[in-house]
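J.: Start from the sequences, fold in the hints, and give me the full structure.
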Amino acid sequence: METKTRILIVDDHQLVIQGILCSLKEVGDFDVATTNTCDEAFQLIKTSQNTNPFHLLFTDLSFDNTTEDSLLDGGEELIKAIKNNGINVKIAVITGHTETNRVYNVISNLKPNAYLLKSKCDATEIGFAVQKMLVNDFYYTHEIHQKIMRRNIIQIQMDEVAIQILKELPNHPKIANLEGIIEKNDGGFLKLRSIETKLGNLRADLNANNNTDLVLKAKELGIID
Amino acid sequence: MKKLCFVCVLLLAFEGFSQSQNLELISDSLSVLYKEYKKTRKINIPTKAYSLAEKTKSDAFIKKTYIRFGIRSFFLEDIPNLSLSEQKLYRFFQKTKDSFALAKHYHYKALIFKIKVASDSCFYYYNKSLDLSAKLKDSLEVARRYLSMSNIQERERDYLGSENSVINGLRYAEPLNEIKFTSYLYINLGIALKYTQRFKEARKYYVKYLETQKKSKKKNFDVEYALFYNLTAKSYEAEFNYEKAMSFYKKALSIDSLAIKDPNKYRLSLEGFSYNNFKLGNKDIALKGYLKVLELRKKLIDKSSLVFSHSLLGEFYASTNQKSKAIFHTKKALALSRKFNNSERILENLFLLSKLVKGEKGRKYLEEHYRLNDSLFKRERAMKIQFSNIRYETEKKEKENSKLKVENEQKQLRIEKEQQQKTIGWLVAGGSFLFIAFGASVVSSRRKKLIFESKLQQVEAREKERQQIAKSLHDEVAGDIRILHKKLEQKKFLEESKELDRVKNNVRNLSHQLSSISFDEVSFKNQIINLVSDFFDANFTIKIKEINAVSSKKINSSIKRTLFLSIRESLQNIDKYADARNVILSFSCTKKIITLTIKDDGVGFDTNSLKTGIGLKNMKERVEEINGHFSVESAPKKGTKITIEIPNNGN
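Chains as they are written, first to last, in the working numbering: chain U, 2 to 226; chain S, 254 to 904.
Keep in mind that the hints were calculated from the coordinates and are not lab data.
Fair warning: this is a prediction, and the values are worked out from it, not measured in the lab.
All residues carry an ideal CB built from backbone N, CA and C; glycine is no exception.
Careful, some of the hints might be misleading.
[Unchecked claim] Restraint-style ranges between C-beta atoms, simulated for each label pair:
1) 75(U) / 792(S): 30 to 36 angstroms
2) 739(S) / 132(U): 34 to 40 angstroms
3) 109(U) / 874(S): 31 to 37 angstroms
4) 882(S) / 132(U): 29 to 35 angstroms
5) 213(U) / 749(S): 35 to 41 angstroms
6) 687(S) / 187(U): 53 to 59 angstroms
7) 220(U) / 874(S): 50 to 56 angstroms
8) 835(S) / 178(U): 29 to 35 angstroms
9) 751(S) / 54(U): 39 to 45 angstroms
10) 763(S) / 161(U): 36 to 42 angstroms
T.: This is the structure:
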């Protein structure tokens with residue numbers, strides 16, 4: 002017998018919970034539970050772990066209703082607790098926080114499967130996120146994606162080797178020709194393999210399909226002139 | 254061109270050649286002049302020679318010429334020229350400070366007095382020259398001066414003094430392995446010993462003379478043997494051993510053609526031989542000899558030796574009772590000996606005359622003899638005393654000098670010691686001062702560090718407080734507002750409820766801003782990147798340079814926090830007001846100071862006219878709180894540059 006996908010929604014605002022519930026109904030047939038506090042949510046996940054585990058978790062980051070008695074005083078703490086306990090549940094963050102710092106911290110440290118923004122959220126997006134999460138893929142809403150990319154741009158800008166590669170790339174028909182041209186910070190030359198790895202990372206960071214696209218994007222984003 | 258060069262080289266070579274040739278030429282003509290002077294005794298020759306030598310400008314050459322002609326002037330008894338060369342030498346010394354020239358100057362002065370038979374002055378200058386040469390460590394000159402001095406002393410019958418001088422001279426001469434003067438010194442020593450009745454020893458030194466002379470490379474020693482025989486004979490004669498004396502004179506006379514080789518020695522030998530024959534009663538042989546010697550001596554320019562012949566003839570005729578002849582010769586001898594200042598002979602002849610001439614005249618001669626003997630005796634003594642005084646004075650002076658030297662050295666030592674003690678004192682004082690200063694600086698730097706650390710702690714505490722406030726804002730104020738909001742909603746105050754919701758959101762935002770970041774989890778570098786990416790846009794690029802310099806964990810988190818807040822404030826300002834397209838954040842870090850510059854290409858502002866906004870003021874305060882330095886450079890349309898310098902460890 003095929004079991005329904007079990008979903009837990011945690012938010013301090015009932016309105017938000019209702020909104021998510023509505024959207025989920027549009028997307029499909031799920032077994033959904035809700036709660037207002039992180040402590041409760043963690044208890045629920047833990048207790049149902051062995052009998053009837055949740056598959057997905059939608060959680061906010063900041064909770065206005067935390068008191069001094071609260072053990073977990075926010076979404077980050079909740080996610081951390083789940084990961085520390087080795088519980089296998091796909092996590093989506095649904096929040097209003099758009100400061101890069103927080104976004105970056107959450108994504109790089111906690112690695113949620115999805116990051117959605119309350120302000121831009123609708124049924125389609127939630128459905129998209131659920132689909133991705135169920136196949137253990139990642140979905141970040143467009144604005145977050147932009148933020149991460151912008152951050153990558155800055156990081157690339159600070160990386161002199163990366164800038165060198167991006168500048169030299171259009172001048173050579175073959176990547177192999179770059180060997181002996183790209184200098185490391187210590188004055189030595191970068192090996193072909195390292196150049197290729199670096200290019201791969203750059204393509205991923207700037208969401209580029211190939212090297213030509215990469216150079217175009219870099220120009221567009223003002224990384225190179 | 255080549256030709257010209259060749260000519261030049263030739264000319265130069267010729268020039269050099271001609272210079273050396275010039276010296277040679279002068280030297281040649283000087284030799285000619287010297288020979289001429291030696292021969293003709295022309296008084297103007299040395300003056301000519303000197304002016305010629307002075308043309309060469311070679312000091313060594315000039316000096317040599319003065320000395321060469323000076324000594325010749327002495328042999329020729331040319332006093333004006335001798336004193337000329339003596340004066341020239343003195344001027345030469347004044348010009349060049351060559352002490353050797355000064356010593357020679359004294360030497361020649363002594364020679365002048367020697368010619369004038371002024372023994373005491375002569376001795377005095379010899380002594381001065383000797384002292385100087387001794388100081389110059391010129392042993393040969395010293396030995397020569399001692400020899401001359403011993404000659405003077407001998408002449409004045411100061412035999413002990415002479416012996417003393419010779420011994421001193423030998424002390425200098427013997428180590429030199431020199432032949433001429435060493436052997437002369439032996440002779441003088443022998444003569445001095447003979448006069449003081451130590452005949453055997455005297456003869457020993459005569460032998461030594463001969464041995465020394467034989468060391469020279471000469472092949473024929475006839476002249477030396479002649480002298481040796483003569484001297485040895487004289488010593489036996491003085492011992493009244495006439496037979497032995499005669500045998501030695503015979504040996505001398507048997508030397509092949511002595512009369513030609515050394516006429517003087519021949520005359521002396523013949524005279525000695527005759528005298529001893531006379532003493533042994535062979536009067537015919539004696540008279541023949543005497544007369545021959547007289548004949549020979551009469552031919553000489555130097556008449557002084559005639560004294561001896563006349564004296565001996567006077568004695569001879571006295572013994573043979575040929576009174577008139579005896580008186581004639583004795584009177585002649587007396588006159589000559591008076592002329593040549595030979596006091597011994599004067600006495601002898603006076604005594605003889607007193608015996609030969611009867612009556613009043615004879616008595617007068619005797620009287621004169623005694624008077625002269627007395628005065629001579631006195632003079633001798635005076636001379637002896639003077640000689641010894643001169644030597645004694647110098648020795649005393651030397652002693653005083655050495656005493657002064659010792660005193661000086663002691664003084665120097667004492668001064669040095671004092672200086673050392675002073676230096677040590679200064680060093681100790683300096684050391685202790687440095688130590689105190691070091692201590693003080695350590696204390697002050699520690700105090701500064703403590704103050705700095707306490708300031709950093711203050712900042713941290715305020716950060717905590719901020720978080721606390723944020724938390725309570727979030728939990729309590731916002732919570733209360735929420736309850737109020739719900740109540741209003743229930744009672745349908747929609748307007749108020751909406752307003753209250755806005756207030757609640759404001760409070761929440763405020764609380765978020767206050768707490769914003771916790772610094773322990775994310776590295777400073779990432780914090781800055783995150784911050785920058787919040788502002789970043791394709792039209793507003795922000796570059797970060799050398800952030801790795803500051804991301805080290807060694808840097809205090811409060812400093813990082815201040816930098817972060819400053820950057821956020823600046824970026825906000827630039828974003829809001831500057832209308833800039835590019836911003837550059839540069840970090841740098843030395844051992845002592847962390848520097849951050851934030852540069853934009855925006856509209857800029859006049860730093861004088863504008864009232865600093867609260868943002869800039871806050872930044873400045875924050876930086877200065879941790880002993881940092883904050884400065885803004887800007888001008889309209891020129892962009893803005895903010896520089897923040899924060900000490901790394903509170904100093």
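J.: Hint by hint, note whether the structure agrees.
T.: Each hint, compared with the structure:
Here the CB-CB span from residue 75(U) to residue 792(S) is close to 35 angstroms, well matched to the stated 30 to 36 angstroms. Separated by about 36 angstroms at the C-beta atoms, residue 739(S) and residue 132(U) satisfy the suggested range of 34 to 40 angstroms. Range check, residue 109(U) to residue 874(S): Cβ separation about 33 angstroms, and the 31 to 37 angstroms hint holds. A C-beta distance of roughly 57 angstroms is found between residue 882(S) and residue 132(U), which places it outside the suggested range of 29 to 35 angstroms.
At roughly 59 angstroms, the beta-carbon separation of residue 213(U) and residue 749(S) lies outside the given 35 to 41 angstroms, and the hint is violated. Between residue 687(S) and residue 187(U) the Cβ separation comes to about 42 angstroms, which falls outside the hinted range of 53 to 59 angstroms. About 42 angstroms separates the C-beta atoms of residue 220(U) and residue 874(S), a value inconsistent with the hinted range of 50 to 56 angstroms. With their beta carbons about 32 angstroms apart, residue 835(S) and residue 178(U) fall inside the hinted range of 29 to 35 angstroms.
The beta-carbon spacing between residue 751(S) and residue 54(U), approximately 42 angstroms, falls within the hinted interval of 39 to 45 angstroms. Roughly 40 angstroms separates the CB atoms of residue 763(S) and residue 161(U), a value that falls within the hinted 36 to 42 angstroms.
When the structure is compared with the earlier hints, violations turn up for hints 4, 5, 6 and 7 and for no others.
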